[in-house]
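Residue 60 in the numbering used here is what sits at position 60 of the sequence shown, and the numbering runs on without skipping anything.
The set of hints was computed from the structure by calculation and includes no laboratory data. Take the hints with a grain of salt, since some may be wrong.
Derived DEER-like restraints, expressed as beta-carbon distance ranges [claimed, not checked]:
1. H58 with L3: 20 to 30 Å
2. L81 with A12: 25 to 35 Å
3. I74 with M25: 41 to 51 Å
4. A68 with D17: 24 to 34 Å
5. E65 with L3: 25 to 35 Å
6. H58 with M78: 40 to 50 Å
7. Q34 with V71: 27 to 37 Å
8. K82 with L3: 37 to 47 Å
9. A76 with H41: 46 to 56 Å
10. G61 with D22: 40 to 50 Å
11. L3 with V71: 29 to 39 Å
12. A28 with A69: 35 to 45 Å
13. Q34 with E65: 11 to 21 Å
Below are the DSS-like pairs computed for lysine-lysine, each with C-alpha atoms no more than 27 Å apart in a straight line [as the list claims (entries may be wrong)]:
14. K32 with K46
15. K32 with K44
16. K32 with K75
17. K82 with K60
18. K32 with K60
19. K2 with K44
20. K46 with K82
21. K2 with K32
22. K46 with K60
Heads up, the beta-carbon is just placed ideally off N, CA and C, and yes, glycines get one too.
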Amino acid sequence: DKLLAFGFHVEAIDGHDFDAIDAAMNTARGVKGQPCAIVMHTTKGKDISFMENDVDWHGKGPNDEQYAAAVAEIKAAMEQLK
Numbered sequence: 001d002k003l004l005a006f007g008f009h010v011e012a013i014d015g016h017d018f019d020a021i022d023a024a025m026n027t028a029r030g031v032k033g034q035p036c037a038i039v040m041h042t043t044k045g046k047d048i049s050f051m052e053n054d055v056d057w058h059g060k061g062p063n064d065e066q067y068a069a070a071v072a073e074i075k076a077a078m079e080q081l082k
């Protein structure tokens, strides 16, 4: 609402949806005469079992063991998409 009040064209999207990101970027490129803002609603640590929605992960990175576990979960999820 504040961005709208300042005259921005605002797109609010699911920040995990690549198609929505692409569409919002294309829309923003076509807007003339006013600034644009893309507000992406996201979930911290999305799809990593021990990180998702855990505020303790905000602003810090995983150690080597946690990193390996996260990468393994991402790779398993990618295999399911094939």
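Structure-based check of all given hints:
1. The beta-carbon spacing between H58 and L3, approximately 23 Å, falls within the hinted interval of 20 to 30 Å.
2. Separation of L81 from A12 is about 26 Å and conforms to the stated range, judged on CB atoms against 25 to 35 Å.
3. At roughly 24 Å, the beta carbons of I74 and M25 sit outside the given window of 41 to 51 Å.
4. The hint said 24 to 34 Å for the Cβ distance between A68 and D17, and at roughly 27 Å that hint holds.
5. For E65 paired with L3, a C-beta distance near 41 Å fails the hint of 25 to 35 Å.
6. Between H58 and M78, the C-beta spacing of about 25 Å breaks the proposed range 40 to 50 Å.
7. Between Q34 and V71, the C-beta spacing of about 41 Å breaks the proposed range 27 to 37 Å.
8. Under the hint 37 to 47 Å, the C-beta atoms of K82 and L3, about 39 Å apart, fit the expected range.
9. A beta carbon spacing of about 25 Å between A76 and H41 contradicts the range 46 to 56 Å that was offered as a hint.
10. A hinted range of 40 to 50 Å is violated for the C-beta pair G61 and D22, which are about 28 Å apart.
11. One distance hint, 29 to 39 Å for the beta-carbon pair L3 and V71, holds here, with the actual separation near 36 Å.
12. At roughly 36 Å, the beta-carbon separation of A28 and A69 lies within the given 35 to 45 Å, and the hint holds.
13. Against the hinted window of 11 to 21 Å, the Cβ-Cβ separation of Q34 and E65 comes to about 48 Å, which falls outside the hint.
14. This hinted pair does not check out: K32 and K46 have alpha carbons roughly 34 Å apart, beyond 27 Å.
15. Simply put, K32 and K44 have alpha-carbon atoms about 33 Å apart, too far for the 27 Å limit, and the pair is violated.
16. Between K32 and K75, the direct Cα distance comes to roughly 41 Å. Violation of the 27 Å bound is thereby established for this hinted pair.
17. As the CA atoms of K82 and K60 are separated by approximately 31 Å, the hinted pair breaks the 27 Å bound.
18. Taken as a hint, the K32 and K60 pair is broken in the structure, with Cα atoms around 39 Å apart against an allowance of 27 Å.
19. Only pairs whose Cα atoms come within 27 Å are accepted, and K2 paired with K44 is accepted, the gap being roughly 24 Å.
20. A C-alpha spacing of about 20 Å is found between K46 and K82, which places the hinted pair at or below 27 Å, so the restraint holds.
21. The suggested pairing of K2 with K32 holds, with an alpha-carbon distance near 20 Å, which does not exceed 27 Å.
22. At most 27 Å may separate the alpha-carbon atoms for a hinted pair to count; K46 and K60 meet this at roughly 15 Å.
Of the hints listed earlier, those the structure fails to meet are numbers 3, 5, 6, 7, 9, 10, 13, 14, 15, 16, 17, 18, in rising order.
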